[in-house]
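Chemist: Chain by chain, the residues:
Number of protein chains: 2
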Amino acid sequence: MATGRTHRPATRSRGIPEATVARLPLYLRALTALSERSVPTVSSEELAAAAGVNSAKLRKDFSYLGSYGTRGVGYDVEYLVYQISRELGLTQDWPVVIVGIGNLGAALANYGGFASRGFRVAALIDADPGMAGKPVAGIPVQHTDELEKIIQDNGVSIGVIATPAGAAQQVCDRLVAAGVTSILNFAPTVLNVPDGVDVRKVDLSIELQILAFHEQRKAGEEAAAEAAVPAAARKASTDQGPDGDVPAVMPA
Amino acid sequence: MATGRTHRPATRSRGIPEATVARLPLYLRALTALSERSVPTVSSEELAAAAGVNSAKLRKDFSYLGSYGTRGVGYDVEYLVYQISRELGLTQDWPVVIVGIGNLGAALANYGGFASRGFRVAALIDADPGMAGKPVAGIPVQHTDELEKIIQDNGVSIGVIATPAGAAQQVCDRLVAAGVTSILNFAPTVLNVPDGVDVRKVDLSIELQILAFHEQRKAGEEAAAEAAVPAAARKASTDQGPDGDVPAVMPA
DNA sequence: CCATCTTTGTGCACGCGTTCACAAAGACAT
DNA sequence: ATGTCTTTGTGAACGCGTGCACAAAGATGG
Ligand SMILES: NC(=O)c1ccc[n+]([C@@H]2O[C@H](COP(=O)([O-])OP(=O)(O)OC[C@H]3O[C@@H](n4cnc5c(N)ncnc54)[C@H](O)[C@@H]3O)[C@@H](O)[C@H]2O)c1
Ligand SMILES: NC(=O)c1ccc[n+]([C@@H]2O[C@H](COP(=O)([O-])OP(=O)(O)OC[C@H]3O[C@@H](n4cnc5c(N)ncnc54)[C@H](O)[C@@H]3O)[C@@H](O)[C@H]2O)c1
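Read top to bottom, the protein sequences are chains A and W. Numbering follows UniProt numbering, in which position 95 of the first sequence is assigned residue number 95; successive positions increment by one, without gaps. Numbering follows UniProt numbering, in which position 205 of the second sequence is assigned residue number 205; successive positions increment by one, without gaps.
These aren't lab readings, by the way, just hints derived from the structure by calculation. Since we're looking at a predicted model, the values are computed, not measured. Warning: the hint list may mix true and false statements.
Since copy identity is lost for identical chains, a pair holds within one copy or between any two.
Stated by the list, open to error - Dumping the calculated EDC-like pairs for lysine to aspartate or glutamate here, alpha-carbon to alpha-carbon at most 20 Å:
#1 K218 with E78
#2 K60 with E46
#3 K57 with E45
#4 K218 with D145
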């Protein structure tokens, strides 16, 4: 999961489980593809395959929305697209600001998939005075000094942070103070926010480390250990079954 | 969660729960920061606060590693850094290839945090012949034709896909055929891979949609509904409590 | 050596999420 | 109308993850 909500411990808003909410965009994407191919209806089995999930799970997910399938036939594609869009709040327009227009921020600004579905880049903000006024993806970058004004003038409630880690908390605080209540954080830091503010993080580094963990499992298991032992571990992991013994000694 | 493993249904490798594995990088980051400040030991309470998790959870997580705390004192920072690094497979070097050097791929290539911890960009690969040879972040881009050779010559087992969605599955298949067994996917598609291959995805669009959902909940609840009803929904959500009634009618 | 105080490691209970499996709903043919 | 066949919607069981709460471990001071 490159994701992970912080705070607001699974509040299950209005009865839709968090896990289901996280899958709705997946279904929506698959349904949109079907819609473009003018497919009128789809069974839970087919759609589940397209979305890469279990069909029972998909049916249960839809049942939380009120579920509009027809037994023996399946689901009406157009109708589901609408229902899910509405449920996710995609029938309205969400102005978004991106703070930190460096490598990543610029890539995000250039990303087309942004506008495609309800999201609109309202402003690009950077602390570098040299960037102010310079257009990125057709949008002029504005200085951080304008942050509060931009948020308020545009009624922005969703902010994207793509600054260096060191600046993230500070930027976050300003965004929140200005009225932003949802933040997508790309900086590798834990953000502290007051209740009522949602934070989701995208952390490349964590994802890679998780992959490395599994990769090591796959590779090792026999020719493991004995890599580079920095004088700290004694007889590190001879890997003898679960709960394998570990050196009960601590280094300086 | 911008994350989400596909396939391999929570295999709990060697007894370490998947949820714990996903948190280890978080602890490692916090510990590294402490280490740089030369802090010798840290209590579960302090470290948990820094990582943004519950302290009991943290202690339980560490207990899976064999746990090396000292009661009444806490954990030795350096030692934990080493133990977690080893557990995550970060004591070895992981060559990584990035496929699709567009806006995002270039940003990733330029990303410093890559090399910092065990990961090394072994090659950049793109299908555009015009890019071949052109250096990005100091590394010359190579053509897709070379993909298999690059993977094999460098012993690459981790691949990053940053191509357009349409090309992702095809690229994925080639990576897997060439020997890659872990994939980090930035393209908005569900990738099908054989057993034994791990896929993690980072999906900006999904993250935003999840935020939009919660944002809508926060904003609405009273002045909801009655937005733009595309002749499909009849008496859409009057929001009368949980399991609120929904129109039992389907459009054409 | 003993008492006190801090902090770990974990038993336990609870709730969420997943999946199976099946009854019922409805389409469709005859 | 009746029967058959497909597919939904969900009851129920199970397993994982979380967090409380506490006993035991060990440091520290006298
Ligand atoms: N580039 C990637 O692929 C990538 C991947 C994963 C994570 N990240 C993270 O994303 C963040 C940005 O990465 P990047 O490669 O774009 O870095 P970058 O250095 O290229 O860009 C950072 C930008 O933020 C601006 N900035 C600095 N402080 C600011 C402030 N207080 N307010 C507003 N703007 C400020 C800088 O002027 C700069 O333009 C970093 O935290 C990085 O760790 C990047
Ligand atoms: N830019 C972003 O911020 C962003 C954010 C989220 C997701 N994404 C996704 O990441 C992917 C890349 O986005 P982008 O903005 O960099 O797009 P882009 O068009 O700038 O770059 C895509 C690159 O992939 C290359 N390519 C195409 N087919 C290929 C193939 N078969 N093999 C190898 N290379 C191939 C192209 O030559 C191009 O250089 C897309 O799927 C996009 O949806 C991008």
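Chemist: Give a verdict on every hint.
Modeler: Hints and how they fare:
1. K218 with E78: Cα proximity of K218 and E78: none, with 43 Å in one copy and 27 Å across.
2. K60 with E46: So K60 and E46 pass the 20 Å test inside one copy only (15 Å; across, 40 Å).
3. K57 with E45: Classified as within: same-chain Cα gap 10 Å, cross-chain 37 Å, threshold 20 Å.
4. K218 with D145: So K218 and D145 fail the 20 Å test inside a copy (50 Å) and across (28 Å) alike.
In summary, the numbered hints that this structure violates are 1 and 4.
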